[in-house]
Amino acid sequence: MNNSGKWFHVIEAVLAVMVILMAAAMLLEKNSKQYRKISVVIQDAEDTQWAAFRYGLKMAAQDQKVELVVASTADVLTKEEQLNTIKREIELGADAVIVQPVPGDDLEQKLRHLEKKVPIMLVEYTAAKEREKSQFPSVEPDHSAMGEALAEELKKDYCGNLSGKKYGILMKADAPHAMNSRRQGVEKALQDTGIVCSWVVDGSVENKPEVDIVIALDNNSLIKAAEQAAANNLHGALVYGIGNSTQAAYYLDTGSVECLVVPDEFSVGYYSLTEAAERLRHFFRGMKSRVVAYTVIRREELFEERNQEILFTMCQ
Amino acid sequence: MNHKSKPRKIQSTIMAAFSIMSASIMLVLGIVMYLRFSVASKHDIIQSTKKLMEQTGENLEDYLVSMRQISDAVYYNVIKENDFSSQDKDIQKGMNLLYEANSRNLRSIAVYNHYGSLIAAEPVALQKEDPDVTRQDWYQKAFKEVENMHFSTPHIQNLFDDHTHRYYWVISLSRVVELTDHGIPMNGVLLVDMDYAGISRMMKKINAINNGQYYYLCDSNGQIIYHNRQIQISNGIAYENSIQTAKYKDGVYEDLFRGEKRKVIVNTISYTGWKLVGIIPYATFNQGMYDIRYFIVILILLMAMMLVVINRVISVRISSPILKLNESVTEYEAGEKPEIYIGGSQEIRYLGYSIQRSYEQIDELMHKIVLEQTERRKSELDALQSQINPHFLYNALDSITWMIEGERNDDAVVMISELAKLFRISLSKGRTIINIKDELQHAKSYMNIQKVRYKNSFSITFDVEQEVYACCTVKLVLQPILENAINYGMEGMDDCGEIKVTGTLKDGNVTLSVADNGVGMSEEEVSLVLTDSNRIHKHGSGVGLVNVNNRIQILFGKEYGLLVESEPDEGTTVSVRIPAVPYTEENRKKLEMGHVFSREEISDNKAQHL
Chain Z
333 MNNSGKWFHV IEAVLAVMVI LMAAAMLLEK NSKQYRKISV VIQDAEDTQW
383 AAFRYGLKMA AQDQKVELVV ASTADVLTKE EQLNTIKREI ELGADAVIVQ
433 PVPGDDLEQK LRHLEKKVPI MLVEYTAAKE REKSQFPSVE PDHSAMGEAL
483 AEELKKDYCG NLSGKKYGIL MKADAPHAMN SRRQGVEKAL QDTGIVCSWV
533 VDGSVENKPE VDIVIALDNN SLIKAAEQAA ANNLHGALVY GIGNSTQAAY
583 YLDTGSVECL VVPDEFSVGY YSLTEAAERL RHFFRGMKSR VVAYTVIRRE
633 ELFEERNQEI LFTMCQ
Chain D
905 MNHKSKPRKI QSTIMAAFSI MSASIMLVLG IVMYLRFSVA SKHDIIQSTK
955 KLMEQTGENL EDYLVSMRQI SDAVYYNVIK ENDFSSQDKD IQKGMNLLYE
1005 ANSRNLRSIA VYNHYGSLIA AEPVALQKED PDVTRQDWYQ KAFKEVENMH
1055 FSTPHIQNLF DDHTHRYYWV ISLSRVVELT DHGIPMNGVL LVDMDYAGIS
1105 RMMKKINAIN NGQYYYLCDS NGQIIYHNRQ IQISNGIAYE NSIQTAKYKD
1155 GVYEDLFRGE KRKVIVNTIS YTGWKLVGII PYATFNQGMY DIRYFIVILI
1205 LLMAMMLVVI NRVISVRISS PILKLNESVT EYEAGEKPEI YIGGSQEIRY
1255 LGYSIQRSYE QIDELMHKIV LEQTERRKSE LDALQSQINP HFLYNALDSI
1305 TWMIEGERND DAVVMISELA KLFRISLSKG RTIINIKDEL QHAKSYMNIQ
1355 KVRYKNSFSI TFDVEQEVYA CCTVKLVLQP ILENAINYGM EGMDDCGEIK
1405 VTGTLKDGNV TLSVADNGVG MSEEEVSLVL TDSNRIHKHG SGVGLVNVNN
1455 RIQILFGKEY GLLVESEPDE GTTVSVRIPA VPYTEENRKK LEMGHVFSRE
1505 EISDNKAQHL
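So the sequence lines, in the order shown, correspond to chains Z and D. Numbered according to my numbering, the first sequence spans residues 333 to 648. Numbered according to my numbering, the second sequence spans residues 905 to 1514.
The reader is advised that the hints may include incorrect statements.
Claimed, not checked - Derived, one-sided and incomplete: chain D residues facing chain Z with beta-carbon distance under 7 Å:
#1 T1057
#2 I1060
#3 N1062
#4 F1064
#5 H1069
#6 R1070
#7 Y1071
#8 I1135
#9 V1201
#10 I1202
#11 L1203
#12 M1207
#13 A1208
#14 V1212
#15 R1216
FYI, nobody ran anything at the bench for these hints, they're computed from the structure. Computed from a predicted model, the values in this text were never measured in an experiment. Glycine is no exception: its CB is placed at the ideal position from the N, C-alpha and C atoms.
Could you put the whole structure together from the sequences, leaning on the hints where they help?
Here you go:
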């Protein structure tokens, strides 16, 4: 074969390879348009308190072009149920999982085992006892700051004169670390004011000693306290609380709650999914933890423009 | 260093030229095709977006018109027709009918007096504790421009408590109405709260395609009514250029917002002044072009493959006859005698014919030159021989004359007899080449004549090997050497001069030597013997060894000729060195024709004659 013959075959071979590469690239591009799937495992997923969180997830999924699946869960999840739900979601093709961890000492360790399969992002609070010791990224509000802000509003209402007053704390037991942080925030702000904590309970306030102020540290506790207040079962005690549902807002609107601190659940949902989606898009990019903001709302401010948007996200 | 690149072959050159040309054409074609597709696709996207927006705009207008019609119907058919003090049930009934008929899009219908107190509402619900509507935007707007209907931006309805713990997102249509209470006309405000979900549904429908292109709705001030990233914008995660866009009239605009280039299509909703805005980021245009890009590149590559094959076929077809012609010419130049290739196109055929004719002419000319050269050599030889004949004749006749004058008639007879032999061999029927035997005979005759002339003052001996006799030689080569030996060698020798002629055959060469014991020559003289033909000779005709040497070399080649060795007072030996070509008629003719025998030919000849 002469020189030009060799060149002819080389050129034809190179062109053929390029055609194959282009065709492969075209197919890959089409396949890459298939959405990645991110599953979310939260307790009592259908509860109204998750409305803003779910709306944030939905918006982020739309922005990030990923498929969002919120696993259907029971009101209360045990550690095993949650782990099984996560495993099932992974088996069903989840590329990443967003988890609201349930209480359990070795949950973080178990999650670490699952993280080898897919990236895991935590929301609302970490699985470790202390936030700093958690090895998982998380998106959550500053629990301590929220408690502190709530107590500050209380102090404002009483012009700092809380001497001789009593208060009770209502909080759920299934998120001990977050709740303790909120409680510590409250206690920090109220120390040296003369106010005394009469009780700290999970669940009902019935048969509890009378107090002047009830501080509810989570949405469900707040609604329970507000319901009691609306039914005049609190003996005139004022309710201050942290909540993130339209019910909580309603009780603020109707005067059953004096002050409401609302964590930005939209941002919790939005940033957690955005981080997970970014991690899927860039293999070597780690997920970052975020602390989202909160808003202090008083009754007279509820329908102000900025607060209407918070209500809007809760209404979705 | 200046390296000259090797010239390319014609086939490579043609193929490279064709390939570059076709690649350029394909590239230009591809770019033009892509641009054309791109422009057409962009135009299509814009047109379809415009159409969709027009349609949605019409739907929105219909929706808003229907709301206005509800407001008109409540006002003109219910409120104006009845007195609130006495006909409150009729008013409630009328409002209920209208509400029920449009409940899908309505959240509530309410009438407030000029103090902001609720007079009637549908559906009947508990009013919130002191909502203070006079501080609400829709109420204030209604009284600000009493002649108009006012559409608010979306907001949470803050009027009723239906105990569902829910909040509704509504758009309020408010207007000042004239109502009658206890027969007294007064101003009030009619509020029709539209469910935001109605508009939201319409907008979501057109925003369903998640390809980067999106639509939003804003009022004339740029306040966003619907945006699919509304909360992200409020939270500062996303941004929208709504305030600037609200200033645009209907049409298509180029927009550069936060570094992103995009097309903005604006459609104004009549009466409200709301703007329906369609945003097409340029990335969306490109997104639609990805497949076309790949398709065009693959198409170009396939075309390139095809063109390379076509180029190859064409270049081979064009260059093949030229290459064949070149091959035959190369073979010809290498000394072979191939047929010159004649084929291919008319021009190549003509070139082939032309080259063939040229080679034929060259052959003819070569043949002619050879003939001419032979002729020239022959004439040179003849001229040389004719130089010898008069010289010798002069000497011989001089000797005979001298004998006759001395009455030595017997000697004269012998002399004449020897002369006759001499001439017979000299003539040799006009031949130039004779055998050595005849040449030696000629030399003997010559020496016999000379001995007579020189009164036997020297002796001559012949010692020649037998096989030498049958070899070819140029005739009359020994005679001038012998003459020189007599004239220069025997001078002053007083009867003791000796001349010895020897003939040997060694290594395919014949050497005939004439040795004398005369006075000899100096080295300088020896060097001049064969080179200086213009020397003045002391004796004889002046034709000497130079001529003999030339003749030998003309006929046998430059490596043959004479060799002169001499020592002063010792004597001189002149050797004739010629190839041992067997004497045959054929060889004689060849030699006379100018053919120079190679060593191989001589060996072959010798073998044949043994």
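Supplied contact hint for D:V1212, tested at 7 Å Cβ to chain Z
holds (5 Å)
The hint names D:I1135 as touching chain Z; please verify it with the least Cβ-Cβ distance against 7 Å.
Because about 6 Å separates D:I1135 from the closest Cβ in chain Z, which is inside the 7 Å limit, the hint holds.
Going by Cβ atoms only, is D:A1208 closer than 7 Å to chain Z?
holds (5 Å)
Restraint check, 7 Å cut-off on beta carbons, for D:V1201 near chain Z:
At about 5 Å, which falls below the 7 Å cut-off, the nearest Cβ of chain Z leaves the hint on D:V1201 intact, so it holds.
For the hint on D:Y1071, just tell me whether its beta-carbon gets within less than 7 Å of chain Z.
At 5 Å from the nearest chain Z Cβ, D:Y1071 passes the 7 Å test, so the hint holds.
May I ask you to test the interface hint for D:T1057 with respect to chain Z, counting a Cβ-Cβ separation under 7 Å as satisfied?
Where the cut-off is 7 Å and the nearest Cβ of chain Z is about 10 Å from D:T1057, the hint is violated.
Holds or violated: is the Cβ of D:H1069 closer than 7 Å to a Cβ in chain Z?
Hint on D:H1069: holds, closest Cβ of chain Z at ~4 Å, below 7 Å.
Using the nearest Cβ pair, does D:L1203 come within less than 7 Å of chain Z?
Check failed: Cβ of D:L1203 comes no nearer than 10 Å to chain Z, outside 7 Å.
Holds or violated: D:R1070 as interface residue toward chain Z, Cβ cutoff 7 Å?
holds (6 Å)
Interface hint compliance - D:I1202 to chain Z, C-beta minimum distance less than 7 Å:
holds (5 Å)
Using the nearest Cβ pair, does D:I1060 come within less than 7 Å of chain Z?
holds (5 Å)
Closer than 7 Å between Cβ atoms is the bar; does D:R1216 clear it against chain Z? Give me holds or violated.
This interface hint holds because 5 Å falls under the 7 Å limit.
Of the numbered hints stated above, those contradicted by the structure are hints 1, 4, 11 and 12, listed in ascending order.
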